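A.B. asks: In case you want the letters, here they are:
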Amino acid sequence: MKIVTFAKHVPSSVVTPRIAHSGDRIDEDGLSHEVNEADLYAIEEALYQRSLHKGSVTAITIGPGRAKEALHIAYAKGVDQAIQVVDEALRGVNPVLNVMAAAKVVKKLEYDMIFAGIQAEDDLQGQFGIGLAEALGIPAVTAVTEIRASPGEKVATVMRELGGGFKEEIEVDLPCLLTIQFGIRRLRYTPVMAIVRSRSRKIEQVTVESLAIPTEGLQGNAPLRVMKLSYPEDGGRCELIRGSAEEAARKLVHKLVEAGVV
Amino acid sequence: MAGADVIIVCEAGKGQTEAANTRLIAIGEELTRHCSGRLLCLLAGHDIGTKAAELSRHVDEVCVADSPLLANYNPEAHLKIAQTLVEELQPRVVLFGHTFIGMDLAPRLASRLGVGVASNCFDVRIENDALSFMRPMYRGRINARVVMDFRPIIVTLQLGGAEPPAAGRAGTVRRIDVGPVENAKIKPLRTIEPAPTGIDIAKADIVVAGGRGIGEKQNFTLVAELAEALGGVPACSRPLVDMGWFGTSHQVGLSGNTVKPKLYIACGISGAVEHLHGMKESKTIVAINKDPDAPIFKVAHYGVVGDLNEIVPQLTREVRAVRGGKDPRRET
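In order, the protein sequence lines correspond to chains A and B. The first sequence begins at 1 in this note's numbering and counts up one residue at a time. The second sequence begins at 1001 in this note's numbering and counts up one residue at a time.
Extracted from the complex, chain A is given alone in its bound form (with noise of 0.2 Å):
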């Protein structure tokens, strides 16, 4: 069975990124990048399928430099090939062009499933997985917390999540798309070391522009256009208590009984 799995390189989960002076956008300065964690459980999901079925899986990530980062980390987790769209101009941020540009490379490769993580860290927007399935033509299920596929009969069928503790048995005939939930399996600790071996194995960069994707929708006139980034109002009522962690618990406690909570 032949598995495509995306990984995109997105600001690091633990900082918060500062906004660049034209507000729009936020500032990459000295900002630190990782994998988008929902898409290391789709690249998890895809080696333990691969374990299953044989065949192979092949790692893509959009964006500029940097972001073969996310292939060398995808590598030493096992992949066996890696691709990278080098997207300089936009870095990797523009959904327009991140689903146009997954369905020309991925057209050339043969897949039975394309996992996607459920959605990414930076926009959460969900939509690149529907996206690329509805350019391919191909069905999709998104949420996916259990796989069973039968690549013989082209099928899988797949459990994915509703909320509120709800699920959902799906079958769905391959090739498809499924977007990839957290924790669908455990992750596999990654070593430094596999990390650093990996970046000497080949990754294959096609350059956004060979691609010849039309400009509509990336200029001007946008599907979804950011006007102003902010950091989160807290209305001021927050109150932070000071002091050690016993001082802290005990004007804590203090407030709450005065609330009337404790």
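None of these hints come from the bench; they were simulated from the model. Because the structure is a prediction, the values reported are computed rather than measured.
Once the Cα atoms are required to be at most 30 Å apart in a straight line, the calculated DSS-like pairs of lysine-lysine come out as: (1) B:Lys1290 with A:Lys255; (2) A:Lys154 with B:Lys1185; (3) A:Lys255 with B:Lys1283; (4) B:Lys1187 with A:Lys107; (5) A:Lys251 with B:Lys1260; (6) B:Lys1203 with A:Lys255; (7) A:Lys54 with B:Lys1185; (8) A:Lys251 with B:Lys1217; (9) B:Lys1290 with B:Lys1203; (10) A:Lys68 with A:Lys104; (11) A:Lys255 with B:Lys1260; (12) A:Lys104 with B:Lys1185; (13) A:Lys108 with B:Lys1185; (14) B:Lys1290 with A:Lys251; (15) B:Lys1187 with A:Lys154; (16) B:Lys1262 with B:Lys1217.
Here are some chain A residues the structure puts well away from chain B; computed CB gaps all over 12 Å: (17) His21; (18) Glu69; (19) Lys104; (20) Val105; (21) Arg199; (22) Leu211.
To give an idea of the chain B side of the interface with chain A (calculated C-beta under 10 Å), a few residues: (23) Pro1107; (24) Arg1108; (25) Gln1251.
A virtual CB, placed ideally from N, CA and C, is assigned to each residue, including glycine.
Since the structure of chain A is already known, use the hints to place chain B on it.
C.D. replies: Structure of chain B alone, referenced to chain A:
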């Protein structure tokens, strides 16, 4: 007036149906008031007559797609119905709840219509008839105000917020045809309800939840002890479920439970958007986290920045001292 109408895609199925519909009515009402269009509702499912009648008191028209084919969520069938209706009615805005169904269906519809979708929106601004929406980015550490240049504008809305407006309309109910999907490639087999566990964190008055910041599984004892000292229940955020420590019955957030206790204490939970969905309406929220920038502090009333493994045991001791071992579960 055509072109100014708003369609709310309500839910009749499982999951977060009620909270989603409430929010859709509230925002749909606000938009139609400003844009002087009609408020229309699409309801797709099976045996949904009662729900349709209920919704008709809030909107101008409910378009009901009622068929056994829709008993489970069927992406292809639901998409076909939504697309047909939107192409017929040419609304200005189509609103979905930010539920697993909305998250699935809205991007499909947008792709088919060649327009964008703004997901997870928590606020709408109307200025000189122009609409913009607020939504989180970067794990909720930054908010974005976004606009969409193409019609219809498709949005998924975060749940919760204002109570629904009083039923003020007497809308018509119109049945729409549901045919089988040609060449269906997706076949829903069954919907599975959560297994009953006897624990209902959604009903608890006090919830103490642990998240990724707990570190080791054994540290969860600290959270459980604090919950016990307070007479509350322990709960967790998604990562602990993903690690197999707990089932979704303990989980607070979009995938698990929505809670509104009088006291919610978040220990080592950074406050991913999906988690905030499930607890932001708690009456009093306390956050304990190492990262002062963690989004959880934006919804908290009291915050302690520091190591939960030091702070939580102190809290437990303090609570025990104050309450003297009182167990509110035995009080009325």
